[in-house]
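**Q** Here are the chains, one letter per residue:
2 protein chains.
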Amino acid sequence: MPGIRGDRKRPNLRDVARRSNVSVATVSRVLNAPSMVLGPTRERVLAAIDELGYFPNAAARAINLGRTRIIGALVPTLDNAIFARFLDGLENRLADYGLSLVVATTGEDPDAETVKARALMNVGAEGLIVSGITHASGFLDLTTNARIPVVAISHFHADYVFPTIGYDNRASAELALRHLHGLGHRDIAIIHGPKRHNDRTRLRISALENLRLPGSLECQEAEISIEGGCRAAGRALARAVRPTAFLCLSDVLATGVLYELQRRGFDVPRDISVTGMEDLPSSEFVFPALTSVRLPVADMGTRAAEAIANWVESGQPPDPLKLPVELVSRSSTGPPFPDR
Amino acid sequence: MPGIRGDRKRPNLRDVARRSNVSVATVSRVLNAPSMVLGPTRERVLAAIDELGYFPNAAARAINLGRTRIIGALVPTLDNAIFARFLDGLENRLADYGLSLVVATTGEDPDAETVKARALMNVGAEGLIVSGITHASGFLDLTTNARIPVVAISHFHADYVFPTIGYDNRASAELALRHLHGLGHRDIAIIHGPKRHNDRTRLRISALENLRLPGSLECQEAEISIEGGCRAAGRALARAVRPTAFLCLSDVLATGVLYELQRRGFDVPRDISVTGMEDLPSSEFVFPALTSVRLPVADMGTRAAEAIANWVESGQPPDPLKLPVELVSRSSTGPPFPDR
DNA sequence: GCGAGCCGTGTAACCGTTTACACGGGATCA
DNA sequence: TGATCCCGTGTAAACGGTTACACGGCTCGC
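Chains as they are written, first to last, in my numbering: chain D, -19 to 320; chain H, -19 to 320.
Please keep in mind that the hints were generated in silico from the structure rather than gathered at the bench. Idealized CB from N, CA, C, for every residue including glycine. Don't take every hint at face value.
Derived Cβ-Cβ restraints for the label pairs, each shown as a range [to be verified]:
no. : chain 1 : residue 1 : chain 2 : residue 2 : range
1   : D       : LYS302    : H       : GLY78     : 46 to 56 Å
2   : D       : ALA40     : H       : LEU120    : 38 to 48 Å
3   : D       : SER309    : H       : ALA40     : 53 to 63 Å
4   : D       : LYS302    : H       : LYS175    : 16 to 26 Å
5   : D       : ASP139    : H       : ASP251    : 56 to 66 Å
6   : H       : ARG192    : D       : ASP251    : 48 to 58 Å
7   : D       : ARG176    : H       : ARG192    : 52 to 62 Å
8   : D       : ALA218    : H       : GLY214    : 37 to 47 Å
9   : H       : ASN125    : D       : SER311    : 50 to 60 Å
A few chain H positions that, by computed beta-carbon distances, are all more than 10 Å from chain D [what the hints assert, rightly or not]:
no. : residue
10  : LEU(-7)
11  : ALA13
12  : ALA38
13  : ARG65
14  : ASP89
15  : GLU154
16  : GLY162
17  : GLY164
18  : ARG166
19  : ARG176
20  : VAL221
All chains, full assembly: derive it from the sequences and hints.
**A** Next up, the structure:
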């Protein structure tokens, strides 16, 4: 009996129609408008579908409906809790809209981002989510030419070329600095990730410098990893003036800094204070519990999902959205020189 | 001039062809076989493409080529470093093959997995990656009927219904237990994640019980989070016989356990030993550095990508692959009662 | 008993590509 | 000069669905 098992070709609507002695239209209706065809015809069709192991072809369906139901997300990496949490929120909410998420990592490289954006469009993404507001001109050309909805996350900017859904990176950094300054710290080491291609980092650093608070700020750039934080802490401690506080622009870096300080016998916050940025779930449990600036990344994922979903469905771009940040004060910060 | 800007409809090949006074075939060739059409014709076509902002329709292309270049992955969550790292490895390697990754989270629920699997197939996934070897019958029906390549990860099983790429979960748990037992521990608390629907966890626990080493094993189930680990540690310590070691089936749980022990004033490993499972990058930097069993998740992502890519390209299913696990001994384990 | 209306089903056009095949014209060769 | 070949290009048939429209048969009302 041909067509039941083991044949090369995947069965299509026509095969099902033939096997159940109806037209392709009827089969299509059984699948898409179940109430339209009932009784024995319906039974026959369903039986044929089952026997043939028929499954509708996504591309053919997409070409007719004009929709792929695919949203693409471009993130620097998945190997960083901040983006993974964001994507978790994004994917869950997109699923509520019946949209699927295709993920591409860029390694924070604008050219790679452009290449991957093209790949996302090639698989039919109806909308794109990107991180930050620094992009290759090729990326801008590509997306504007194709008139594809793009939402930028991680940084709020009221009139960027794409609608943004993010927080105020300047304010988030200032929150940490003001906290430390308020405690009395004047010699502060800033530990940050790579500045190259990362607008959030650059914005935060410039915000800190522009505050012009009395005292000195010294920057140390580090690879974003616990080890990177360790090494940066070592370098900062080797300077002529030892800082009384470390302001880290990532919780991962702060975790490394805490570790290195502990290893070298410093008491945090008695000898040195440390702040993070992001407020990862684990930051409450490092020792000592990390003072950090909470960035609502999971919520950002949810909001980004809603924004892009409405956009691709209604054609109406979303309004930019600023998400609140807040300082979460824990045990890793205190006044400098508490003994004097 | 109609068709240049602001028209509703997205331009298609025909529009480009009309505008450059060539046939659709020529336009298609400019895009797909650049060397076939050169000179002024080529220029005209490229100009028209540019002016119209033409971008090829993914679905139409897919229907002809018979390929979508999409691979779907089903993972319990993205909000856990172990899966995020896996996906990072997977996505990077898939990109080398020109394949895109669509991600769906299941919350460790087989029914949700089935629903999401259907969604992945509806967007045209050519192959699927799933976690573990516990799946709803609906999932099995769906995937076998549609004859779609499926690779199961996280657990090696020589002749599962799908090819597996993973490690030996029994052996990984035994490694930890043998280590503790070799140090002299007899009263051991096992801290594990939810057993329900999680075959890896169940396999590990049964492996530990089946070893039948002298001494007692007490299980505590916890939600997989640092806080979950804290609470489980509290419960284990409240028992009549206080364990001399905690064997945690996840580094995240172990981190919580370490935190709770420290909070309660226990000295690790002098008073109590702790082991983890996974060996996350951060585990080297918790205090004290965590003894753990290294699971090669990033490598698993790479291998899974290669396996599914070859499968969808050649039609040949991959051989199951067992990845090595190893005990990484650090400072969180030592002999019990070192004083006596 | 006959026309209207409805319901279930079929026919065929269409979606936007790719590509086998056909075709026409210029260069090459005898 | 005419046959041959090649190259660039066009025509049209797929691909696998959805759906507007047509159509035939049934029920119903007058």
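**Q** Which of the numbered hints above does this structure break?
**A** 1, 2, 4, 12, 13
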